[in-house]
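A.B. asks: The chain contents come next:
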Amino acid sequence: MVEPLLDIEDLDVRFSTSEGVTRAIRGVSLTLNPREVLGIVGESGSGKSVTALAVMGLLAKNAKVTGSIKLGDRELLGLKDRQMSSIRGLSIAMIFQDPLTSLNPVYSVGWQVEEAIGAHQDLNREERRAEAIRLLEIVGIPRASDRIDDYPHEFSGGMRQRVVIAIAMANNPQIILADEPTTALDVTVQAQVLEALKVALDESHASLVLITHDLGVVAGLASRVVVMYAGRIVEVGTADAVFYSPAMPYTHGLLGSIPRVDDDGGARLRQIPGSPPSMIGTRPGCPFSPRCPLRQDICLTEEPELRSVASSAGSESHQAACHFASDVVSMPIASMFPNSSDDQEGLPE
Amino acid sequence: MTKKSSSETVATTGDVHSDDMDFNARGQWAMVVHRFLHNGQAMTGLIAFFLMLVVSGIYTALHPNQYAALSIAFNQGPSAAHIFGTNSIGIDMLAQILKGVLQDVQVAVLVAAISVVVGTFIGALAGYYGGKIDNVLMRFVDLVLVIPVLVVLIMLSQIVAQKANNWFYLAIIIGALSWTYIARLVRAEFLSLRERDFIEASRALGASDWRIISRHMIPNAIGPIIVNATITVAGAIVLEATLSYLGLGIQPPAVSLGLLIEQGQNSATTEYWLFVYPAAFLLALIVSVFFIGDGLRAALDPRKNRVRA
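If you read the protein sequences in the order shown, they are chains A and B. Per the numbering used here, the very first residue in the first sequence carries number 5; after that it's consecutive. Per the numbering used here, the very first residue in the second sequence carries number 121; after that it's consecutive.
Just so you know, these hints were derived from the structure itself, not from any lab. One should not assume that every hint holds.
Said to hold, decoys possible - Here are the simulated lysine-lysine pairs, DSS-like style, with alpha carbons at most 25 angstroms apart:
(1) LYS74(A) - LYS84(A)
(2) LYS84(A) - LYS68(A)
(3) LYS65(A) - LYS84(A)
(4) LYS252(B) - LYS65(A)
(5) LYS252(B) - LYS68(A)
(6) LYS84(A) - LYS252(B)
Stated by the list, open to error - A partial selection of chain B residues facing chain A, derived with a Cβ cut-off under 7 angstroms:
(7) GLU315
(8) PHE318
(9) ALA321
(10) ASN340
Ideal placement from N, C-alpha and C gives every residue a C-beta, glycine not left out.
Work out the full structure, taking the sequences as your base and the hints as a guide.
C.D. replies: Written out as structure tokens, the structure is:
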């Protein structure tokens, strides 16, 4: 058994707002192994980004975090901001969603890469500059030594995201958290940026947590996948297990909502009716039950635990939070959801 | 496969806009300077301002005591010997006006410096930390804002007027009461800047609060700060002239344009040169500073800062 690099245990994040307490994360436990790519998927508001920000200690001040986040043997929760600063960027680096806004417009890209290097390493100016050029070359900036003094506005979106990746790997972090790294980019550029990310991972031997709502991105990169819904993990397993034998109706719905090459042409995409529940207050039962076509009485009263899926083709590491996981796993993907052309009556919002 | 095609695509993109790039697409400051230099009004202001400053400086350096030198040429109109005439005790008006210009600029620049330093500091703390710190600091700003400058100066005039270098104390008092505008402006800039992703990103890199404020946020707010510093310069010149006119500002034998206007107003119809020339210089000084400020505002306009968004 490999010692996990990052061990999140029973993480709970609440925000006190004027409308009440929002429970953004409810009892999330997950581990990240060395040199692993872990995908976290889910729709907006499912708690993906909050999980990442909690690990970085960058949540807003009104957040109340309980549980445990361990980096190796070190507990990160409860560390002072100063102590966290020595971990941020050095052990755990983060890539943000929008490369247009995550670079400072008034400095050259070289300055910003050098700043990242200088934050944790004691190098002189020439060494920093040489290192910055090396990093920019790794992530695929052509003629990096010429372009190092250019400003972010002189780069395209994909090029900027490469710079952001170079900044993230500047101090050879153990973990890179990528929060929707390709969402703001063109589909054609996405593949290039993911390629740059792969190269960066090979180079720095880092583990990657890839947060996205794009299942295609996860499928290409991740070895293990976590599916989040309403602040909880509802399914976790190897990418193969989650993609080929999902054991949670929500995962079925996600997979059914993306176009497939092997589909017979003309078929409409299947959609999950309704929208995610409000996170304010608590209500009994499975949070997905209002949108679930397999809903039974037990779903309305009892929230299912995350349990191993016995009959899964994957392995015992495949877990799902559904009372009927063993039935769901054997169903053809997405067949339980209606085509968008079908009548959707009877499913409450 | 993906990798090869990606680097090819990239190479072409790179070629397009790096070799034939002129300085329009260069760094932000090059663009700002370029726009300022091509703004006729701004350049007129800048040239007029520096002309007045340089002429005053050279003249005063060559004739350091001329502004107070008495002569028997009382109340002379403009002539070859005294191109702006003389006053009732025979002092050359040109020397007094040029000395007054220097004095006004000296006061105004010190006021602007105090305002920028104090205002940026207070505004940065309030905007960056928010919450209680913001609340306390902004209530303090409100308090300073409602203190009437004239009342304070009338109260302090007995003390300030007797000091030897009283322009210095005057500038400190004006500065201590006029930083609030820049503080509110910097706070507002910081409130929007701190939500920007690159601030979050540098925090994710392990940057300290101080580093984020000084290296990332202030450089992004520097445009409005500079513009308002020039407006503060113009405002301080006006305020100093007002105070001197009321007898609360610069005290004789030192001169300022406001003081000269006050001394010359009674004879504005008979010995017009005593009033018109100082007033004209004051006007030119203020207008040129405003032109500079307006040109800076246009040049620093963030909507024009990027060639491509």
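A.B. asks: Starting from LYS252(B), check that the Cα of LYS65(A) is at most 25 angstroms away, please.
C.D. replies: holds, 12 angstroms
A.B. asks: Taken at face value, is the distance from the CA of LYS84(A) to the CA of LYS65(A) at most 25 angstroms?
C.D. replies: Holds, because 13 angstroms separates the two Cα atoms, which is no more than 25 angstroms.
A.B. asks: Quick one, are LYS252(B) and LYS68(A) close enough, alpha carbons at most 25 angstroms?
C.D. replies: Given pair LYS252(B), LYS68(A) holds - Cα atoms ~19 angstroms apart, limit 25 angstroms.
A.B. asks: Could you grab the alpha-carbon distance between LYS74(A) and LYS84(A) and see if it respects the 25 angstroms cut-off?
C.D. replies: Between LYS74(A) and LYS84(A) the Cα gap is close to 15 angstroms, so the pair holds against 25 angstroms.
A.B. asks: Quick one, are LYS84(A) and LYS252(B) close enough, alpha carbons at most 25 angstroms?
C.D. replies: OK: LYS84(A) and LYS252(B) at ~20 angstroms, within 25 angstroms.
A.B. asks: For the restraint on ASN340(B), tell me whether the closest CB of chain A is nearer than 7 angstroms.
C.D. replies: holds, 6 angstroms
A.B. asks: Against chain A, with CB atoms and a cut of 7 angstroms, does the hint on GLU315(B) hold up?
C.D. replies: Because about 10 angstroms separates GLU315(B) from the closest Cβ in chain A, which is outside the 7 angstroms limit, the hint is violated.
A.B. asks: Going by Cβ atoms only, is ALA321(B) closer than 7 angstroms to chain A?
C.D. replies: Since chain A brings a Cβ to about 4 angstroms from ALA321(B), closer than 7 angstroms, the hint holds.
A.B. asks: Is LYS84(A) close enough to LYS68(A), meaning Cα to Cα at most 25 angstroms?
C.D. replies: Since the Cα atoms of LYS84(A) and LYS68(A) sit roughly 15 angstroms apart, the hinted pair holds (cutoff 25 angstroms).
A.B. asks: Minimum Cβ distance from PHE318(B) to chain A below 7 angstroms?
C.D. replies: holds, 5 angstroms
Hint 7 from the earlier list is the only one contradicted by this structure; the remaining hints agree with it.
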